[in-house]
Amino acid sequence: MPDEVNPQEIIGFLKPRIGARFRTWLKICSHCGICADTCHYYIANGNDPKMIPSYKVRFLVDLIKKKGKVDKEYLEKVYHTVYHECNMCRRCTLYCPFGIDIALMISLLRSLLFSQGLAPDGLVRAIENYKKFGNQMAVTEEDWVDTIEWCEEEMAEELVGLKIPIDKKGAKIMYTVNAREPMFYPQDIMEVAKIFHVAGEDWTVPRKEGWDDTNLAMFCGDIKTAKYIVQNTFKRAEELQVKQIAITE
Amino acid sequence: MDLYTFLYDLATGPLLWISFLTFIIGSLFRAGLYIMASRKMDKVTHEHFSLKYVFLGLVRWILPINRSVKKNPVFTILGYIFHICLIVVPIWYVGHISLWEDSRFGWTWTAIPDEWADYMTLTFLAIAVFFLLRRIFSKDIRLISTFSDYLLLVVTALPFLTGYFLSHGTLENVSFFGENMELIHMLCGELMLILIPFTKLSHFILFFFSRGATAVEFGRRGYSV
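Those protein sequences? They're chains A and B, same order as listed.
Residues 201 to 449 (this note's numbering) are what the first sequence spells out, left to right.
Residues 28 to 252 (this note's numbering) are what the second sequence spells out, left to right.
A couple of the hints might just be wrong.
Dumping the calculated BS3-like pairs for lysine-lysine here, alpha-carbon to alpha-carbon at most 27 Å [claimed, not checked]:
hint : chain 1 : residue 1 : chain 2 : residue 2
1    : A       : 265       : B       : 67
2    : A       : 266       : B       : 67
3    : A       : 267       : A       : 250
4    : A       : 267       : B       : 67
5    : B       : 166       : A       : 427
6    : B       : 98        : A       : 227
7    : B       : 98        : A       : 427
8    : A       : 424       : B       : 67
9    : B       : 98        : A       : 265
10   : A       : 394       : A       : 408
11   : B       : 70        : A       : 227
12   : B       : 98        : A       : 215
Anything over 10 Å on all C-beta distances counts as not near chain A; from chain B, calculated [as the list claims (entries may be wrong)]:
hint : residue
13   : 42
14   : 45
15   : 62
16   : 68
17   : 83
18   : 106
19   : 114
20   : 143
21   : 147
22   : 193
23   : 200
24   : 204
25   : 206
26   : 242
No lab work stands behind these hints, which were simulated from the structure alone.
Please read all numbers here as calculations on a predicted model, not as lab measurements.
No residue lacks a Cβ here, since even glycine has one placed at the ideal position from N, Cα and C.
When you get a sec, could you build the whole thing from the sequences and use the hints?
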């Protein structure tokens, strides 16, 4: 991240993204405090007032008021709040009389920070993997197919005739997994294959990218990559003409 | 013309018009601006728009049949009573209706009994004081409160306080207030009306859009609206 923060960049990023809802929410929040004890961070931190959801979005009001004229330390403070004090669960919104969507505003702040090069290392690495390999664990197509075939072989001893169909056109269900499964937990794929087989489901897994249903890019507000990941999955589903996409547990 | 006559003529003439028109036109503008900005920037609301969710959400939150009431019954019910008094007393108080009848419009409608207006005003003021004390003494609410939160609570309560004084002659023997209460009451009311469209008091209309938009967003995902 550069040492100097460019105010124009910050305002330029926020302006086209602060729609009617955001403006209204920031304006009408009556600071009634109903959201306070709906937040698990508030309760887990001994009812710390700093954890009140409506307090956490003060940065958005502040950034607009200051026209983006903030320093690096300020952005780091924002980072701490949006990553360590809110996991965007939206529970507060369920209790807010105005239905103010705090999580959406936190997400916007994460996007802003990402545009300024501020994001958790783990997520940034995953994003690189998504872009290069289409999945978060950098599994190549060859490794993916190998793993599936190996799973199928292993299972065949237990359940005769079990198949994990790859790229079966016209199947009913396209099954997608978490990229950690082929990497660390292939037994999860086997268990699911067992269920599909015994249930007699018509299913398949795609060969090309799109089989990873995690979307870590979404968590740091990298909307572009998040969209790319989902699009891959839908592209595969359309190519294979399946009726449903199933995602792993 | 002395200052009092000048101010009185102002408050019952031009300022009255200005405040009502600012309130009405300003609120319509707020609504219009929301719709325009939302059409342009909140695609999700329009792509997934569903009257069913909006209606369900609004009914649930206008009436006390939502999960917040279940979780904080005392605070939310006080909030409901506060808002009911705030709307009912100014519109259905007999003194106000007779002014409408005498005006160029000649409008009239059934008033609530005077005692009701009295009790509702006192209830409203008591709740306003409770809200203010809560803002000052609860360390949670104090942290999230801004200057305008305090100011607008006072601005909202003043017309009721002065109205009560005026109709009961409470401060009649205090020279300045005794002579000017009617003027003070009118100015307080006008100040509040003028501030509504420009401050968070505009939630009286933006509530419908905010809760409606969230109802669409939550409804389409199958969450509770």
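Hint check results:
The straight-line distance between the Cα atoms of residue 265 of chain A and residue 67 of chain B is roughly 23 Å, inside the 27 Å bound, and the hint therefore holds. Distance hint between residue 266 of chain A and residue 67 of chain B is fulfilled; the C-alpha atoms sit about 25 Å from each other, no more than 27 Å. Pair hint residue 267 of chain A plus residue 250 of chain A holds up; C-alpha atoms about 24 Å apart against a cutoff of 27 Å. Only pairs whose Cα atoms come within 27 Å are accepted, and residue 267 of chain A paired with residue 67 of chain B is accepted, the gap being roughly 22 Å.
Between residue 166 of chain B and residue 427 of chain A the CA atoms are separated by roughly 42 Å; this puts the pair beyond 27 Å, and the hint is violated. The hinted pair formed by residue 98 of chain B and residue 227 of chain A meets the criterion: a straight-line CA distance of about 25 Å does not exceed 27 Å. Restraint check for residue 98 of chain B and residue 427 of chain A: not satisfied, since their Cα atoms lie roughly 37 Å apart, outside the 27 Å limit. As the CA atoms of residue 424 of chain A and residue 67 of chain B are separated by approximately 20 Å, the hinted pair is consistent with the 27 Å bound.
With a C-alpha separation of about 34 Å, the suggested pair residue 98 of chain B and residue 265 of chain A falls outside the 27 Å cut-off, and the hint is violated. Between residue 394 of chain A and residue 408 of chain A, the direct Cα distance comes to roughly 23 Å. Compliance with the 27 Å bound is thereby established for this hinted pair. Distance restraint check for residue 70 of chain B and residue 227 of chain A: the Cα-Cα separation of roughly 21 Å lies within the 27 Å cut-off, and the hinted pair is therefore satisfied. The straight-line distance between the Cα atoms of residue 98 of chain B and residue 215 of chain A is roughly 36 Å, outside the 27 Å bound, and the hint therefore fails.
Interface exclusion of residue 42 of chain B from chain A stands, the closest Cβ pair being 26 Å apart, more than 10 Å. Against chain A, the non-interface label of residue 45 of chain B holds: every CB pair exceeds 10 Å, the least being about 23 Å. Not every CB of chain A lies more than 10 Å from the CB of residue 62 of chain B, the least distance being 8 Å, so the non-interface label is violated. Residue placement check: residue 68 of chain B does not keep its beta carbon more than 10 Å from all beta carbons of chain A (closest about 3 Å).
No Cβ of chain A comes within 10 Å of the Cβ of residue 83 of chain B; the nearest lies about 12 Å off, and the non-interface call holds. With a least CB separation of 8 Å from chain A, residue 106 of chain B falls inside the 10 Å interface cut-off, contrary to its annotation. With a least beta-carbon separation of about 16 Å from chain A, residue 114 of chain B lies farther than 10 Å from that chain, consistent with its non-interface assignment. Every beta carbon of chain A lies more than 10 Å from that of residue 143 of chain B, the smallest distance being close to 26 Å; the non-interface claim holds.
No beta-carbon of chain A is positioned within 10 Å of the beta-carbon of residue 147 of chain B; the least distance is around 21 Å. No beta-carbon of chain A is positioned within 10 Å of the beta-carbon of residue 193 of chain B; the least distance is around 28 Å. With a cut of 10 Å on Cβ distances, residue 200 of chain B stays outside the contact zone with chain A, its closest approach being about 38 Å. For residue 204 of chain B, the shortest C-beta to C-beta distance to chain A comes to about 31 Å, beyond the 10 Å cut-off, and the non-interface label holds.
Residue placement check: residue 206 of chain B keeps its beta carbon more than 10 Å from all beta carbons of chain A (closest about 36 Å). Once the 10 Å rule is applied to beta carbons, residue 242 of chain B is inconsistent with being away from chain A; the minimum gap is 7 Å.
Checked against the numbered hints listed earlier, the structure breaks hints 5, 7, 9, 12, 15, 16, 18 and 26; every other hint is satisfied.
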